[in-house]
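Here the sequence shown is numbered in this note's numbering, starting from 1 and rising by one per residue.
Keep in mind that the hints were calculated from the coordinates and are not lab data.
Treat each hint with caution, since some may be false.
[Stated by the list, open to error] Here are the simulated distance ranges between beta carbons:
no., residue 1, residue 2, range
1, Thr42, Ser231, 29 to 35 Å
2, Asp257, Pro63, 43 to 49 Å
3, Glu91, Glu238, 41 to 47 Å
4, Asp66, Leu194, 22 to 28 Å
5, Met266, His193, 34 to 40 Å
[To be verified] Distance condition first, Cα-Cα at most 30 Å in a straight line; then the derived DSSO-like pairs of lysine-lysine:
no., residue 1, residue 2
6, Lys62, Lys36
7, Lys62, Lys50
8, Lys122, Lys106
9, Lys244, Lys36
10, Lys69, Lys50
11, Lys106, Lys69
12, Lys36, Lys122
13, Lys204, Lys263
14, Lys244, Lys286
15, Lys244, Lys288
16, Lys244, Lys255
17, Lys36, Lys106
Glycine residues also receive a C-beta, built at the ideal position from the N, C-alpha and C atoms.
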Amino acid sequence: MLAEMSWPVEAMRAWPVFLSLLALLCLIPGCGAQEKISMQGTLIYERGNKLHAFDLATRIPKPLVDWPKLRSFLEVVDNDTLLIGSEGLAEPSRLALLTLSSLEVKDLRRGTEPLYMPRHRKFFFIQGSRETGPRLFLADLDHPEAEAREIAPDEGVISSDPIVRVSDDEIVFRKYQGEEDIPLYRYNLVTEHLERLPEWTFGKCIPCAWRSASSQLICETYGNNGYYLVSLDGSRVEPIDLPKGYLLLLAYSEKQDVLLMNKPTMGWLDGTFMLERYDLWAYSFKTKRRERVAEGIAPGVGGLVWLE
1 MLAEMSWPVE
11 AMRAWPVFLS
21 LLALLCLIPG
31 CGAQEKISMQ
41 GTLIYERGNK
51 LHAFDLATRI
61 PKPLVDWPKL
71 RSFLEVVDND
81 TLLIGSEGLA
91 EPSRLALLTL
101 SSLEVKDLRR
111 GTEPLYMPRH
121 RKFFFIQGSR
131 ETGPRLFLAD
141 LDHPEAEARE
151 IAPDEGVISS
161 DPIVRVSDDE
171 IVFRKYQGEE
181 DIPLYRYNLV
191 TEHLERLPEW
201 TFGKCIPCAW
211 RSASSQLICE
221 TYGNNGYYLV
231 SLDGSRVEPI
241 DLPKGYLLLL
251 AYSEKQDVLL
261 MNKPTMGWLD
271 GTFMLERYDL
281 WAYSFKTKRR
291 ERVAEGIAPG
301 VGGLVWLE
């Protein structure tokens, strides 16, 4: 009988040693609780008629300035200057420069959804009317009042999908050719060359951002919310292991190789009933880790930028 009981007794004596070894093992990255993704800089985002700043080091948001617009699209010019396209209820969309250090606002011209090209000090933007539909233009930041150049006027109206910078000189965007035909184009602002990218690779690609680390476009699959990376020649296609469910990609850091996104979740409001909220998530291409960064930050497409 004692012999039969000897194994449990020895096992119990060894249990503290086992727990100590387990604790040491869990100091290794990847064991137990996930480590935080290392991120630096400040996020500027629009929410509730205000612009807010979110420090990625402290993970604390703070209001920055009142911004009473229906919808805003933010673009970085430099770490102290934002180019913002805003839409109001009864007024035309306007483009303005915001200096963060002084909170000074300088009105530029009509337009929205800006995309800045730093090497050329020019910016793309969208403007249109009921007659023409939304059109893509290019303007000079130093002379914004000058006549803007329309891009690819014969290819139809610009889609509502993001315009993405893929090099110092080039962008990609989608234009409507018909209800079911929304091809992806590549445009060079220096040579003015316009190329329609192959349908078999890019037909269902909604461009989200350019990943310079691998020279690939981050795409959302049109219709099913899948995400993948693809080179512009179509030779390298790779899936991205993002959180499951509906996502809204917001910003990508070239320096840190990290992607930020919104993901909906259900939470209690004042402990009384369930309410859907959007949380801010991060995905690191280097470590393949995913992390919830903050709860309840939902700026919408174009409404968040990352200052580094």
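Restraint check for Lys244 with Lys288, where alpha carbons must lie at most 30 Å apart: 14 Å, holds
Taking only the CA atoms, is the gap from Lys69 to Lys50 under or equal to 30 Å? Holds. Lys69 to Lys50 sits at ~9 Å (cutoff 30 Å).
Check the hint pairing Lys204 with Lys263 against an upper bound of 30 Å on the C-alpha distance. Holds. Lys204 to Lys263 sits at ~22 Å (cutoff 30 Å).
With a cut-off of 30 Å on the C-alpha distance, tell me whether Lys36 and Lys122 pass. Outside the cut-off at roughly 37 Å; violated.
Next pair to validate is Lys244 with Lys36; report whether the Cα-Cα distance is within 30 Å. 19 Å, holds
Compare the distance between the alpha carbons of Lys244 and Lys255 with 30 Å, and conclude whether the hinted pair is satisfied. 26 Å, holds
Is Lys36 within 30 Å of Lys106, Cα to Cα? It is violated: about 38 Å lies between the C-alpha atoms, which goes past 30 Å.
Is Lys122 within 30 Å of Lys106, Cα to Cα? With Cα atoms ~16 Å apart, Lys122 and Lys106 stay inside 30 Å; holds.
Measure nothing beyond the straight line between the CA atoms of Lys62 and Lys50; if it is 30 Å or shorter, mark the hint as holding. 10 Å, holds
Next pair to validate is Lys106 with Lys69; report whether the Cα-Cα distance is within 30 Å. 15 Å, holds
Is the distance from the Cβ of Asp257 to the Cβ of Pro63 consistent with 43 to 49 Å? Given about 30 Å between the Cβ atoms, the range is violated.
Distance restraint hint 29 to 35 Å, applied to the beta-carbon atoms of Thr42 and Ser231: 31 Å, holds
Comparing the model with each numbered hint stated earlier shows that hints 2, 4, 5, 12 and 17 do not hold.
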